[in-house]
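Protein chains in written order, with numbering that gives the first Met the number 0: chain A, 0 to 398; chain B, 0 to 374.
Hint data in this document are derived by calculation from the structure and do not stem from the laboratory. Some hints here could point you the wrong way.
Dumping the calculated DSS-like pairs for lysine-lysine here, alpha-carbon to alpha-carbon at most 27 Å [what the hints assert, rightly or not]:
| id | chain 1 | residue 1 | chain 2 | residue 2 |
| --- | --- | --- | --- | --- |
| 1 | A | Lys322 | B | Lys210 |
| 2 | A | Lys322 | B | Lys312 |
| 3 | B | Lys274 | A | Lys393 |
| 4 | A | Lys47 | A | Lys322 |
| 5 | A | Lys255 | A | Lys39 |
| 6 | B | Lys256 | B | Lys323 |
| 7 | A | Lys351 | B | Lys210 |
| 8 | A | Lys393 | A | Lys284 |
| 9 | B | Lys256 | A | Lys351 |
Which stretches of chain A does chain B cover? Using the computed rule of at least three CB atoms under 8 Å from a CB of chain B, they are [what the hints assert, rightly or not]:
| id | region |
| --- | --- |
| 10 | 87–98 |
| 11 | 112–119 |
| 12 | 134–146 |
| 13 | 184–196 |
| 14 | 290–304 |
| 15 | 343–349 |
Quick reminder that beta carbons are idealized off the backbone N, C-alpha and C, glycines included.
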Amino acid sequence: MNIHFSPEETTFQLEVQQFLQKKLPDDIREKTLKEIPLTKEDFVRWQKILYKQGWAATNWPVEHGGTGWTPTQKYIWANECADIGAPDVIPFGLKMVAPVIFTYGSEEQKQRFLPDILASNVWWCQGYSEPNAGSDLASLKTIAVRDGDEYIVNGTKTWTTLGHWAEWIFCLVRTGGPEVKNQAAITFLLIEMNHPGITVSPIMTLGGHHEVNEVHFNNVRVPVTNRIGEEGHGWTYAKVLLTHERTGIARVATSKKRLQTLKKLAGDTCDGDASLLENPAFAQKLAEVEIDLLALEFTELRALAAVSTGNAPGPESSILKIKGTEIAQLIDELYMETAGYYGMPFVREQFKSGFDGEHVGPGVITSSVPRYLNNRKSSIYGGSNEIQKNIISKWVLGL
Amino acid sequence: MDFSYSEEQQMLQSSVSKFIHQDYDFDRRGKLLDSDTGFSEDNWKLFAELGWLMVPFSAEDGGLGGSAVDLMVVMEEFGRGLVVEPFLASAVLSGGLIASGANEAQKRELISLLMEGQLQLAFAFAEPQSRFNLSDITTKAVRNGDSYAVNGHKAVVLNGSAADKLLVAVRTSGGQHDCEGITLLLIDANTEGVQRQGYATVDGHRAAEIKFNNVMVPVANRVGEEGAALPVIEQTIDRATLALCAEAVGAMEKIYKKTVEYTKTREQFGVVIGKFQALQHRMVDMFTEYEQARSILLMAALQLDVNNGFAPKAISAAKSRIGKAARLVGQEAIQLHGGIGVTEELDVSHYFKRLTTIQYLFGSTDYHTRRFAEH
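Build out the structure end to end from the sequences listed, making use of the hints.
Next up, the structure:
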């Protein structure tokens, strides 16, 4: 056991730093650091730069165009990206559907879909949750009825993040008659969004953002060749995807960067005769979060190391989701404490690119409350934290 | 000892409650948020007609007596309805400063207009650097003959854009943090050199950044003695803090109950989720927090009316404890509602937003915990 980088790893870190300094566009970096939402074009532009470098897919095997990085390399990459202000890649294609395709898809499907995902030519979104199937995902009602070489799909998916930008959606649908048990009736379909039977309607969230949508399917015809694996096996594939989603969800590097920024902001904030950073109650809370984050960083490294020795991420990855979101939400609250009265203004225009009016309040801190509000979703999505606890109690503790 | 409301208080409560039920549903409130002013002038007139704008004022000033318990009764109902009319900013906070700081002539002129609903006021105290420290004031007023020249920047002034007149805490002497040397001026909002930038706040209320650029204010518009305004300001902010705490308790009651109801109807895994013990215990915690919040609110209201010197400490105790409760009840309401809880379309998220800003307004939970310890 040791904590040090090898000489090769140090060289790699230097290479990453140089790449980011040279290739990360200034406007994207500035938006990321100022927490201004990126446009679709921004994401695609950055992901295509990564593709050109061969670094778009950090969790794919080399044979499909992935980096094949070790856990340490992934750790270095995540930290350097957060530190300089490089945005996270959009996970739906690269981190969610791609592992399902390269693990369970046919050769034809691999050829057809993976190159466009790798090159960010196609925007994907996720069709899992439904209005009445949230935590109990397996009770989903969107139905696919076989008609010759096609399925006819009807139903509604919800919480579809950035679905309004997507060209393809991967969906869990119900096949087979009502006699088939919940999980055994679920099939995994890839569906092109430009079908006239698909409508996307926005859901406004409490921070005033339009990120998520409802997606309605009305007699949407999907070729059987767009089915992953076998009919009725979709639940197995979906679970693999969910564990992949859960490891990314810890967002340790992002939380580290935010804590670093927060310390600077709190140091610059007057609190009576001293700075807020010197306020004992604030300092105590900050230290507690920082300590918990240090522990989580090592929990994540342990999980990554286990994966690299050939194990798929296990139910322990649920810990990463629970702790990662709890810590991020506590950091949100420390930002609000730092903002004081300047957490209150809700001036949307000033967080859009190109705003040239007079900014209310000092910069990034004025978005602290909307960010806190918006980030409450993180303990709900990706399998709520309560569901993660059910997973741990059942599959780890055997209760 | 008696914790029941008097007959008058019961009548006041039922009149506000009736208004919320009949005229202040979620959709109507939503339309108000989208309007230019952010609240309804008609509602404001109705508040005046029904005598609610008289609640903060003593009988000598022509009001209903000005008891803290009366104020609590009104604000709790406003909390249940998430009322956005500027009762707190204009009547309680600014009206309170006039009532306790102004001379008889000023009172006669302003209080009756306030109670009749013909005057909107705002109190500009916070500054970009001040956080919650009421004595941290850099906005300067320099006296020259019969007037003051005012320069400075006031931050997040509640009701700042709708106000006809502004009460402004300025420094007439001393250093930035000194308790002495703070003066209150009444400034017509349209005076030359007053620059207002209005905006909505995250909870659906309205506020403004206000800059003063060589604004000339007649000495006659000073409220109270020169340099001695801080005690009046502190006392009035304490009263407004109590009102805010009552609003929080009303809002908390509403959403803990809504959460319980929701979990009785939302089915997952073939049962209503309210059957899960893990969730039941969390709702019990919400209920317990709400009850503790209500208790400390009553304590603080009664202490404020006794006026024996313990009031500031009691107010900080209430703000600290209620802030803690508001955090837990708000966060759990969202979490137990799941995805639907984070949408704009459901009222729960709007209660959550208000319960979030309340935790910081007039001093955060940490600020008041410390003030309690130091007092």
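Verification of the supplied hints:
1. Our distance criterion of 27 Å between C-alpha atoms is broken by Lys322/A and Lys210/B, whose separation comes to about 44 Å.
2. The suggested pairing of Lys322/A with Lys312/B is violated, with an alpha-carbon distance near 36 Å, which exceeds 27 Å.
3. For a cut-off of 27 Å, the pair hint linking Lys274/B to Lys393/A stands: about 19 Å separates their Cα positions.
4. Proximity of Lys47/A to Lys322/A is assessed by CA-CA distance (about 32 Å); at most 27 Å being required, the pair is judged violated.
5. At most 27 Å may separate the alpha-carbon atoms for a hinted pair to count; Lys255/A and Lys39/A meet this at roughly 26 Å.
6. Between the alpha carbons of Lys256/B and Lys323/B the distance comes to roughly 18 Å, so the proposed pair stays at or under 27 Å and holds.
7. Taking the CA atoms of Lys351/A and Lys210/B, the gap is about 24 Å. The hint holds against a cut of 27 Å.
8. Restraint check for Lys393/A and Lys284/A: not satisfied, since their Cα atoms lie roughly 33 Å apart, outside the 27 Å limit.
9. Proposed proximity of Lys256/B and Lys351/A is contradicted: the alpha carbons are some 38 Å apart, above 27 Å.
10. Evaluation of the coverage hint for the region 87–98 of chain A: breached, as 0 residues show C-beta separations to chain B shorter than 8 Å, against a requirement of three.
11. Residue count for the region 112–119 of chain A with a Cβ under 8 Å from a Cβ of chain B: 0. That is fewer than the three needed, and the coverage hint is violated.
12. Check result for the region 134–146 of chain A against chain B: holds, 3 residues qualifying (beta carbon to beta carbon below 8 Å, three or more required).
13. As drawn, the region 184–196 of chain A meets chain B at 0 residues by the rule of a beta-carbon pair under 8 Å; below three, the given contact is violated.
14. Given a C-beta distance limit of less than 8 Å, the hint that chain B covers the region 290–304 of chain A is violated, as 0 residues qualify and 3 are needed.
15. Closer than 8 Å: that is the beta-carbon criterion, and the region 343–349 of chain A has 4 residues meeting it against chain B, so the requirement of 3 holds.
When held up to the earlier numbered hints, the structure conflicts with 1, 2, 4, 8, 9, 10, 11, 13, 14 and fits the remainder.
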